[in-house]
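These protein sequence lines are chains A and B, in that order. The first sequence finishes on residue 343 if you use my numbering, and the numbering steps up by one all the way, no holes. The second sequence finishes on residue 343 if you use my numbering, and the numbering steps up by one all the way, no holes.
Among the clues, some could well be false.
Said to hold, decoys possible - Taking CB as the label site, the calculated pair distances span:
#	chain 1	residue 1	chain 2	residue 2	range
1	B	Gly-48	A	Ile-266	39 to 49 Å
2	A	Arg-276	B	Lys-221	44 to 54 Å
3	B	Gly-141	A	Pro-309	58 to 68 Å
4	A	Glu-169	B	Gly-59	57 to 67 Å
Just so you know, the hints here were simulated from the structure itself, not pulled from any lab data. Don't be surprised by glycine CBs; every beta carbon is placed ideally from N, CA and C.
Letter by letter, the chains look like this.
2 protein chains.
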Amino acid sequence: VAESFFRAAPPLRDRDRVAGDLAAFVARHAGRGGGGGRLAGVVCVTSGGTTVPLEQRCVRYIDNFSSGQRGAASTEYFLKAGYAVIFIYRRGSKQPYCRFLPEDSFVDLFELGEESDIQVPESHAAVVKTAIRNYRKAIDEGLLLKLPFTTIFEYLQLLQMVGTAMNCLGHQGMFYLAAAVSDFYVPWESMAKHKIESASGPLNMQLNQVPKMLFILRKQWAPSAFCVSFKLETDPDILLQKAEAALRKYGMNVVVANELANYKDVVVMVTSNGRTTVRRPSKEDDVEEQLIDLLVEMHSEHIMQLNQDHQTCTS
Amino acid sequence: VAESFFRAAPPLRDRDRVAGDLAAFVARHAGRGGGGGRLAGVVCVTSGGTTVPLEQRCVRYIDNFSSGQRGAASTEYFLKAGYAVIFIYRRGSKQPYCRFLPEDSFVDLFELGEESDIQVPESHAAVVKTAIRNYRKAIDEGLLLKLPFTTIFEYLQLLQMVGTAMNCLGHQGMFYLAAAVSDFYVPWESMAKHKIESASGPLNMQLNQVPKMLFILRKQWAPSAFCVSFKLETDPDILLQKAEAALRKYGMNVVVANELANYKDVVVMVTSNGRTTVRRPSKEDDVEEQLIDLLVEMHSEHIMQLNQDHQTCTS
Chain A
29 VAESFFRAAP PLRDRDRVAG DLAAFVARHA GRGGGGGRLA GVVCVTSGGT TVPLEQRCVR
89 YIDNFSSGQR GAASTEYFLK AGYAVIFIYR RGSKQPYCRF LPEDSFVDLF ELGEESDIQV
149 PESHAAVVKT AIRNYRKAID EGLLLKLPFT TIFEYLQLLQ MVGTAMNCLG HQGMFYLAAA
209 VSDFYVPWES MAKHKIESAS GPLNMQLNQV PKMLFILRKQ WAPSAFCVSF KLETDPDILL
269 QKAEAALRKY GMNVVVANEL ANYKDVVVMV TSNGRTTVRR PSKEDDVEEQ LIDLLVEMHS
329 EHIMQLNQDH QTCTS
Chain B
29 VAESFFRAAP PLRDRDRVAG DLAAFVARHA GRGGGGGRLA GVVCVTSGGT TVPLEQRCVR
89 YIDNFSSGQR GAASTEYFLK AGYAVIFIYR RGSKQPYCRF LPEDSFVDLF ELGEESDIQV
149 PESHAAVVKT AIRNYRKAID EGLLLKLPFT TIFEYLQLLQ MVGTAMNCLG HQGMFYLAAA
209 VSDFYVPWES MAKHKIESAS GPLNMQLNQV PKMLFILRKQ WAPSAFCVSF KLETDPDILL
269 QKAEAALRKY GMNVVVANEL ANYKDVVVMV TSNGRTTVRR PSKEDDVEEQ LIDLLVEMHS
329 EHIMQLNQDH QTCTS
């Protein structure tokens, strides 16, 4: 199923450049961590929603709701913990260090001074300057690689490339799969070529299921990586059982369960050892701060455990 | 059909505040233009694509492709021509005076100087400063009112409010309907309450046609306004005939025809007097500059013509 999905998908633009950037990034950060105490690795963070085009020359598409807030915030905390981050994100979604921006107009944030210098109102100055400083640092130190997608086709091809590129990192690699991925799609070859005409009454559509790539990531692309996936539901009654089913089915290390109604306030980390509820302490804090802290700790223990089990392999 | 659409739609948040802002804006600018020569009026610019939710607690939705580039650029040129602009735009789409921004990360544009002052690289400094200056001027002089939408329900409610509020401006009002509006939707009352389950095979959806609100705008909400609508197609063979059909069917003053493949380079203005092709002179120019120039001229002639025809009414 997966092979036919990839065969039929339109090829990624810039595939060779992306492959080169990825190989260089992974090579630069291979061997991060590996000493005692808290270890830092390489994490692939996915963020934002994927789209499903309904026409080949795309005017209409199905989209999954996601601002990218979770992925952008988490990337900041992974960088703070010393990780190198491959950020696979939806074009136009929230970016690390830019989450505080006014929603629609960056010029709302700026004024011109008397000498035509660019000024930020006192109320925002500290936040803006810290953001510019942290972002520059991550870029200048080569700790952040950003790879954009729009469609489900682009997203899954990027995930495959990053998965196979990170395989050589073994258990020091982490996947943090926060993107909202489409469950249904229209196969490329059966898609309307031109804009669907609206004149002739109601529209009937049949959508196929997207192959479950988590399974392939786990089995083929990067089987040793520490894997964290997300389960979002609107109905709290089915959330935790679905998260536990996903944990078993795909062999995840952690499934983070969250509800649409309060996903910024509370998440539940579901593992084979039980559940841990994480709440943000106040509206000024991010729930991701404590979540990433716990995950980094778990990843670190996981690496040390595996290093002890396989001492002959790793020493 | 339209009444049942509005009855079933979820009510607009902030409806009362928006109504107040609108009434004040229109009152402030009523009577703009009306002298001899080139007249300036009030224009409602719609911009960006509308979404159609597939679930009441919305995780998935159908979206229409539109960056908002056309509407944002046109707003700048209308302001330059002296118009007051009501900008109805999709949240997150391109904004007037911010079109030059890096696509995904505003911090890519800024650096910190030695004294932690915010700096823009020399290459971008002039553009950024002009943008901040022009935007501030439009806001400070009260010439720009911005009203955001996401769903087709919000968009059509806003259009109705602006249409009826602008009716008192008579033929000095203009509508420039550049938004990409959904043709199909799922009626709110028949929509799934929770996220659609993906476990049980392919998904079948039936979508209804959105009522043609251009017709109602023209007949009821603001019958005297100068009305410009857009027709976007991917198939050039049917574009102009569809534009002419729309001109007749909805009684538009102008239909601007454009193709997805080259909408930034060339448009065709279709009127009852014939067709005018507008091309941008170079990659450094906007096709909207000449387009707005021609439309402002036509609107101005239209007003003078009507003033002559109905001298007793307007003097």
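Results of checking the hints against the structure:
Take Gly-48 of chain B and Ile-266 of chain A: their Cβ atoms lie about 43 Å apart, and the range 39 to 49 Å holds. Between Arg-276 of chain A and Lys-221 of chain B the beta carbon distance is about 28 Å. The supplied range of 44 to 54 Å is therefore violated. A C-beta distance of roughly 35 Å is found between Gly-141 of chain B and Pro-309 of chain A, which places it outside the suggested range of 58 to 68 Å. Separated by about 59 Å at the C-beta atoms, Glu-169 of chain A and Gly-59 of chain B satisfy the suggested range of 57 to 67 Å.
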